[in-house]
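> These are the residues of each chain, in order.
Number of protein chains: 2
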Amino acid sequence: MKVAIVGASGAVGQEFLRVLADRNFPLDELVLFGSERSAGRRYMFRGMEHEVKLLCHNDDFKDVDIAFTSAGAGISKEFADDITRHGAVMIDNSSAFRMDEDVPLVVPECNAADALNRPRGIIANPNCTTIMMVVALQPLENLSHIRRIHIASYQSASGAGAAAMAELQQQYKEINDGKPVTVSKFPHQLAYNVIPQIDVFQPNGYTKEEMKMFNETRKIMHSDVKCSAMCVRVSSLRAHSESVWIETERPISVEEAQKALAVAPGVTLQDDPDNLVYPMPLETAGTDDIYVGRVRKDLADDCGLTFWLSGDQIRKGAALNAVQIAEYLIKVGNVK
Amino acid sequence: MKVAIVGASGAVGQEFLRVLADRNFPLDELVLFGSERSAGRRYMFRGMEHEVKLLCHNDDFKDVDIAFTSAGAGISKEFADDITRHGAVMIDNSSAFRMDEDVPLVVPECNAADALNRPRGIIANPNCTTIMMVVALQPLENLSHIRRIHIASYQSASGAGAAAMAELQQQYKEINDGKPVTVSKFPHQLAYNVIPQIDVFQPNGYTKEEMKMFNETRKIMHSDVKCSAMCVRVSSLRAHSESVWIETERPISVEEAQKALAVAPGVTLQDDPDNLVYPMPLETAGTDDIYVGRVRKDLADDCGLTFWLSGDQIRKGAALNAVQIAEYLIKVGNVK
Ligand SMILES: NC(=O)c1ccc[n+]([C@@H]2O[C@H](COP(=O)([O-])OP(=O)(O)OC[C@H]3O[C@@H](n4cnc5c(N)ncnc54)[C@H](OP(=O)(O)O)[C@@H]3O)[C@@H](O)[C@H]2O)c1
Ligand SMILES: NC(=O)c1ccc[n+]([C@@H]2O[C@H](COP(=O)([O-])OP(=O)(O)OC[C@H]3O[C@@H](n4cnc5c(N)ncnc54)[C@H](OP(=O)(O)O)[C@@H]3O)[C@@H](O)[C@H]2O)c1
Numbered sequence: 001m002k003v004a005i006v007g008a009s010g011a012v013g014q015e016f017l018r019v020l021a022d023r024n025f026p027l028d029e030l031v032l033f034g035s036e037r038s039a040g041r042r043y044m045f046r047g048m049e050h051e052v053k054l055l056c057h058n059d060d061f062k063d064v065d066i067a068f069t070s071a072g073a074g075i076s077k078e079f080a081d082d083i084t085r086h087g088a089v090m091i092d093n094s095s096a097f098r099m100d101e102d103v104p105l106v107v108p109e110c111n112a113a114d115a116l117n118r119p120r121g122i123i124a125n126p127n128c129t130t131i132m133m134v135v136a137l138q139p140l141e142n143l144s145h146i147r148r149i150h151i152a153s154y155q156s157a158s159g160a161g162a163a164a165m166a167e168l169q170q171q172y173k174e175i176n177d178g179k180p181v182t183v184s185k186f187p188h189q190l191a192y193n194v195i196p197q198i199d200v201f202q203p204n205g206y207t208k209e210e211m212k213m214f215n216e217t218r219k220i221m222h223s224d225v226k227c228s229a230m231c232v233r234v235s236s237l238r239a240h241s242e243s244v245w246i247e248t249e250r251p252i253s254v255e256e257a258q259k260a261l262a263v264a265p266g267v268t269l270q271d272d273p274d275n276l277v278y279p280m281p282l283e284t285a286g287t288d289d290i291y292v293g294r295v296r297k298d299l300a301d302d303c304g305l306t307f308w309l310s311g312d313q314i315r316k317g318a319a320l321n322a323v324q325i326a327e328y329l330i331k332v333g334n335v336k
Numbered sequence: 001m002k003v004a005i006v007g008a009s010g011a012v013g014q015e016f017l018r019v020l021a022d023r024n025f026p027l028d029e030l031v032l033f034g035s036e037r038s039a040g041r042r043y044m045f046r047g048m049e050h051e052v053k054l055l056c057h058n059d060d061f062k063d064v065d066i067a068f069t070s071a072g073a074g075i076s077k078e079f080a081d082d083i084t085r086h087g088a089v090m091i092d093n094s095s096a097f098r099m100d101e102d103v104p105l106v107v108p109e110c111n112a113a114d115a116l117n118r119p120r121g122i123i124a125n126p127n128c129t130t131i132m133m134v135v136a137l138q139p140l141e142n143l144s145h146i147r148r149i150h151i152a153s154y155q156s157a158s159g160a161g162a163a164a165m166a167e168l169q170q171q172y173k174e175i176n177d178g179k180p181v182t183v184s185k186f187p188h189q190l191a192y193n194v195i196p197q198i199d200v201f202q203p204n205g206y207t208k209e210e211m212k213m214f215n216e217t218r219k220i221m222h223s224d225v226k227c228s229a230m231c232v233r234v235s236s237l238r239a240h241s242e243s244v245w246i247e248t249e250r251p252i253s254v255e256e257a258q259k260a261l262a263v264a265p266g267v268t269l270q271d272d273p274d275n276l277v278y279p280m281p282l283e284t285a286g287t288d289d290i291y292v293g294r295v296r297k298d299l300a301d302d303c304g305l306t307f308w309l310s311g312d313q314i315r316k317g318a319a320l321n322a323v324q325i326a327e328y329l330i331k332v333g334n335v336k
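Residue numbers (UniProt numbering), protein chains in the order written: chain A, 1 to 336; chain B, 1 to 336.
No lab work stands behind these hints, which were simulated from the structure alone. Heads up, the beta-carbon is just placed ideally off N, CA and C, and yes, glycines get one too. Hints should not be assumed to be uniformly reliable.
[Stated by the list, open to error] Per the computed footprint, the stretches of chain A lying under chain B, defined by three or more beta-carbons under 8 Å from a beta-carbon of chain B, are: (1) 143-154; (2) 196-202; (3) 231-238; (4) 278-285; (5) 292-304.
[Unchecked claim] Below are the SDA-like pairs computed for lysine to any residue, each with C-alpha atoms no more than 20 Å apart in a straight line: (6) Lys179(A) with Leu282(B); (7) Lys297(B) with Arg147(A); (8) Lys297(A) with Lys226(B); (9) Lys297(A) with Arg147(B); (10) Lys297(A) with Asp177(B); (11) Lys297(A) with Asp199(B); (12) Lys173(B) with Pro180(A); (13) Lys297(A) with His222(B); (14) Lys179(A) with Asp177(B); (15) Lys297(A) with Lys179(B); (16) Lys179(B) with Glu174(A); (17) Lys173(A) with Thr182(B); (18) Lys173(A) with Met165(B); (19) Lys226(B) with Ser253(A); (20) Lys208(B) with Asp272(A).
Start from the sequences, fold in the hints, and give me the full structure.
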């Protein structure tokens, strides 16, 4: 089993190295790719150094079985053919192919089997905010069909990449030192602020990030659910959080929802407000599950329920979800 | 006109001093009150020093016309009789009396005239998050009755008082200096975090802060509207933000809503996403209006609309709103 990581130096790429090691992923050979910026750099994996190769249009992917790509949508599009043409499965973290009809969009807890039907050899990993939400929604959908979703997100700096996270830390340092604040990775200063924009605006007034939540949720869950999202950048480093309201066909009680969430794969129910226990990004960072708490009735909707969730968007929202897809393919013997 | 400020040293109290000066409030004499902690301290107002007096059960409020109180609900309850028994109007910023039937709960943009009917001499200033929301809702309610509200808040550290705001700054300093982080004013570390709890929990799983949004909105707007709120503390210093979804009786178009908001008292429409213009706490801090942007259709509700707002919760959410109530009473000749 030969595995490639494209974008190894990035926030998601680095997490791939950790997740593959942590889970003892059954690989025999690992190759790393990047641009000129990181080519030649060495990263440790299972006690051995691996050098980053320059990504080029050549036959480097000839013997690769699984390629995890996280170098942005442009690179994914440009190199998809190089990566897949010898038979490698490309599990792509970018938004390049997510809504393509002939590319499955997979969250194993929801629709693992969709990964088996991939005419182009590409499987798309959904948007991080969407992955986190659907992992929590699936057990509730199993109780009663979800008709609408309202969701407000609290997304961390690292969602915009490794350099963006460093910029937030630098901003607080600059403020402490009484220096002017550097703003380059975000549209505005993020330190001591909240930015109600993630990705670019669409004609309907929603951002791309918000429309991903609408479209990708429907595709992953095979559902006609309607989702209105507000995606907001806040001053946490790692792990996103979300406030979610759902309307189901029949009313679900809080107890019923909690019971379903407590046993759902990929979910940890963390709902003990009397002891000030609820999910928070500072604690969910670096962990695998989606943490759900503050489950309660929607006071504005008799068929409604609301809850809060938090999870590491670089783990389950990106690297971990992609690795879980690969593990599923290996388990069912469907890699090549 | 003799005016008193109870809790003058606090976040809201200090803002009273600024707002009264900025607006050239027609007062002849100003008296400040506090506990032992601040008694004797001097604050400048219109170029003159004013010494904080110790708040006691005595006749200090004998000649006071208007008392602005912001020293917490316990103090308001304990001293309401001392303050009002000689005829002073008590405009109270705490939650002590807000839901009492014989105490009007007033946001001048919504229900100014309610302030005229105050059998106990007390007028309550609503919860800050609620004030900010209803200022933006009123012009939309005037177009079509609002039936439901879903709201997720992004509340700044100063909402918990002056010391809490200082604690957040200290936390970032400690992190920069590699020291252990002090946590005392918030239930958890707030720096680089998001805390999904403001105030204490109620049996229905909502916090008091969230239930205030349900109950106070109905009282202020004389409405049967149902509101499901999620109140969250984020890492901004001053000014709260809110993501709001409303369902109206008839559908309101985005253009219609924007037009109504653009001319609404107390509202500044700041809705130009193509130029990355939308309300943010870093910019709305220290200003008077509620800034509304990102107005768009609710994709999950044909009669729904959604928008984002931000405003200074110590100004319009507290001191400014109270002063505006007083200005209204003066204007209609209804102080004593
Ligand atoms: N961060 C998240 O939370 C998250 C979550 C889900 C999905 N994603 C998606 O994952 C992708 C990567 O995100 P990230 O946060 O890891 O970004 P990042 O930290 O900025 O890393 C970007 C990576 O892409 C590589 N790259 C850029 N241009 C390249 C080129 N021409 N050839 C080869 N490699 C190139 C970079 O390598 P060099 O260092 O050599 O330039 C780097 O390894 C994006 O599509 C993003 O939308 C991110
Ligand atoms: N911060 C906000 O955004 C906001 C918004 C709306 C409403 N409010 C409400 O306004 C009130 C004050 O909030 P804050 O944020 O200004 O709090 P703060 O910064 O902690 O200030 C509290 C004030 O209360 C005074 N005080 C405390 N105990 C007292 C006593 N026994 N006798 C006399 N004065 C006493 C303090 O004076 P000493 O310094 O002498 O102790 C101080 O001036 C609270 O009810 C709060 O819920 C706050």
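> Decide, hint by hint, whether the structure agrees.
Right, here's what the structure says about each hint:
1. Here the stretch 143-154 of chain A counts 5 residues with a CB under 8 Å from a CB of chain B, which clears the bar of 3, and the coverage holds.
2. Under the rule that three or more residues need a Cβ within less than 8 Å of chain B, the assignment of the stretch 196-202 of chain A holds, with 3 such residues.
3. Counting residues of the stretch 231-238 of chain A whose CB lies closer than 8 Å to any CB of chain B gives 5, so the stated coverage by that chain holds, three being the minimum.
4. Residue count for the stretch 278-285 of chain A with a Cβ under 8 Å from a Cβ of chain B: 5. That meets the three needed, and the coverage hint holds.
5. For a cut-off of 8 Å, the count of residues in the stretch 292-304 of chain A with a CB near a CB of chain B stands at 10, and the three-residue condition holds.
6. For the suggested pair Lys179(A) and Leu282(B), the alpha carbons sit about 17 Å apart, so the restraint of at most 20 Å is met.
7. Proposed proximity of Lys297(B) and Arg147(A) is supported: the alpha carbons are some 17 Å apart, at most 20 Å.
8. Using a Cα cut-off of 20 Å, the hinted pair Lys297(A) and Lys226(B) holds, with the two alpha carbons roughly 12 Å apart.
9. A threshold of 20 Å between alpha carbons decides the hint, and for Lys297(A) with Arg147(B) the separation of about 17 Å falls inside it, so the pair holds.
10. With a C-alpha separation of about 43 Å, the suggested pairing of Lys297(A) with Asp177(B) is violated against the 20 Å cut-off.
11. Restraint check for Lys297(A) and Asp199(B): the C-alpha separation of about 19 Å stays at or below 20 Å, so the hint holds.
12. Annotation: proposed proximity of Lys173(B) to Pro180(A) holds, straight-line Cα distance about 16 Å (limit 20 Å).
13. Taken as a hint, the Lys297(A) and His222(B) pair is broken in the structure, with Cα atoms around 24 Å apart against an allowance of 20 Å.
14. Proposed proximity of Lys179(A) and Asp177(B) is supported: the alpha carbons are some 16 Å apart, at most 20 Å.
15. Annotation: proposed proximity of Lys297(A) to Lys179(B) is violated, straight-line Cα distance about 41 Å (limit 20 Å).
16. The hinted pair formed by Lys179(B) and Glu174(A) meets the criterion: a straight-line CA distance of about 17 Å does not exceed 20 Å.
17. Taken as a hint, the Lys173(A) and Thr182(B) pair is honoured in the structure, with Cα atoms around 18 Å apart against an allowance of 20 Å.
18. Of the supplied pair hints, the one linking Lys173(A) and Met165(B) holds, its CA atoms being roughly 18 Å apart against a limit of 20 Å.
19. Between Lys226(B) and Ser253(A) the alpha-carbon distance is near 19 Å, which keeps this suggested pair within the 20 Å criterion.
20. As the CA atoms of Lys208(B) and Asp272(A) are separated by approximately 16 Å, the hinted pair is consistent with the 20 Å bound.
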